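Build out the structure end to end from the sequences listed, making use of the hints.
Each residue of the sequence shown is one higher than the one before, counting from 1388 in our numbering.
Worth flagging that the hints you see were computed from the coordinates, not collected in a lab.
As the structure is a prediction and not an experimental result, all values here were calculated from the model.
Note that the Cβ used here is the ideal one computed from N, Cα and C, for glycine as well.
It is possible that part of the hints are untrue.
To be verified - Here are the simulated DSSO-like pairs of lysine-lysine, each with C-alpha atoms no more than 27 Å apart in a straight line:
| no. | residue 1 | residue 2 |
| --- | --- | --- |
| 1 | K1418 | K1552 |
| 2 | K1565 | K1552 |
| 3 | K1565 | K1554 |
| 4 | K1405 | K1418 |
| 5 | K1445 | K1405 |
| 6 | K1418 | K1396 |
| 7 | K1396 | K1445 |
| 8 | K1445 | K1418 |
Claimed, not checked - Using C-beta positions, here's what the derived DEER-type ranges look like:
| no. | residue 1 | residue 2 | range |
| --- | --- | --- | --- |
| 9 | S1411 | T1567 | 39 to 45 Å |
| 10 | T1392 | L1444 | 19 to 25 Å |
| 11 | R1477 | S1397 | 32 to 38 Å |
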Amino acid sequence: MQDITTILKSWSTASADKRGEVISAMYAELKRCATAHLRQERYSELQPTELVNEAYLKLINLSAMDMHSRAHLLGIAATLMRQILVDQARRRSSQKRDNAMVTQLTGTLPGEILQVTNLLALNNVLDELAEIDPIYVQIFEARAFAGMTFAETAILLDVSESTIKRKWQVAQAWLREKRTQFGPTTAA
1388 MQDITTILKS WSTASADKRG EVISAMYAEL KRCATAHLRQ ERYSELQPTE LVNEAYLKLI
1448 NLSAMDMHSR AHLLGIAATL MRQILVDQAR RRSSQKRDNA MVTQLTGTLP GEILQVTNLL
1508 ALNNVLDELA EIDPIYVQIF EARAFAGMTF AETAILLDVS ESTIKRKWQV AQAWLREKRT
1568 QFGPTTAA
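The following block contains the structure:
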């Protein structure tokens, strides 16, 4: 297999087989991200392997962009995982007309576990936050959905770790104000 970084940087021109090799090589990292997110989820129909496989299928077909690094690929995977879970919540909501799916996102608020009782409402709140500054949502996705550290998130977004920490604090404060829309928090 060619060097992963070389394939990532030429993602748009690499064959689907080469993109598949890179994703396969990073499968353990992707599964770690999915497992971290789904660990506390009560009502999801997906298992971590299924979530990774769905993200895999979407990633392999993303041919219009080049990836900058492994962290960039993980960040995009985190966004795709969020979209997959939101789509699942929408299907569930339309079938049962019940938003009773509870998701727990760790790493989102210090000393707290964010229990999302309405994933669709969380998605709407994140969309509102993206209108203020999309980097806040990218940080949230990297930390809550991909389980990335501050250092990994800084690499992903190509900004300093101190900037990530500052923006993370702003995003946390904003989410605290909005959390009644998507669910309560409990002490970790």
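Hint check results:
1. Taking the CA atoms of K1418 and K1552, the gap is near 25 Å; set against the 27 Å cutoff, the hint holds.
2. At roughly 20 Å between alpha-carbon atoms, K1565 and K1552 fall within 27 Å of each other, so this suggested pair holds.
3. Of the supplied pair hints, the one linking K1565 and K1554 holds, its CA atoms being roughly 17 Å apart against a limit of 27 Å.
4. Of the supplied pair hints, the one linking K1405 and K1418 holds, its CA atoms being roughly 20 Å apart against a limit of 27 Å.
5. Between the alpha carbons of K1445 and K1405 the distance comes to roughly 15 Å, so the proposed pair stays at or under 27 Å and holds.
6. Distance restraint check for K1418 and K1396: the Cα-Cα separation of roughly 22 Å lies within the 27 Å cut-off, and the hinted pair is therefore satisfied.
7. Between K1396 and K1445, the direct Cα distance comes to roughly 18 Å. Compliance with the 27 Å bound is thereby established for this hinted pair.
8. Taking the CA atoms of K1445 and K1418, the gap is near 15 Å; set against the 27 Å cutoff, the hint holds.
9. Between S1411 and T1567 the Cβ separation comes to about 42 Å, which falls inside the hinted range of 39 to 45 Å.
10. Taking 19 to 25 Å as the suggested C-beta distance range, the pair T1392 and L1444 conforms, at roughly 23 Å.
11. For R1477 and S1397, the hinted distance range of 32 to 38 Å is satisfied, since their beta carbons lie about 35 Å from each other.
When held up to the earlier numbered hints, the structure conflicts with none and fits them all.
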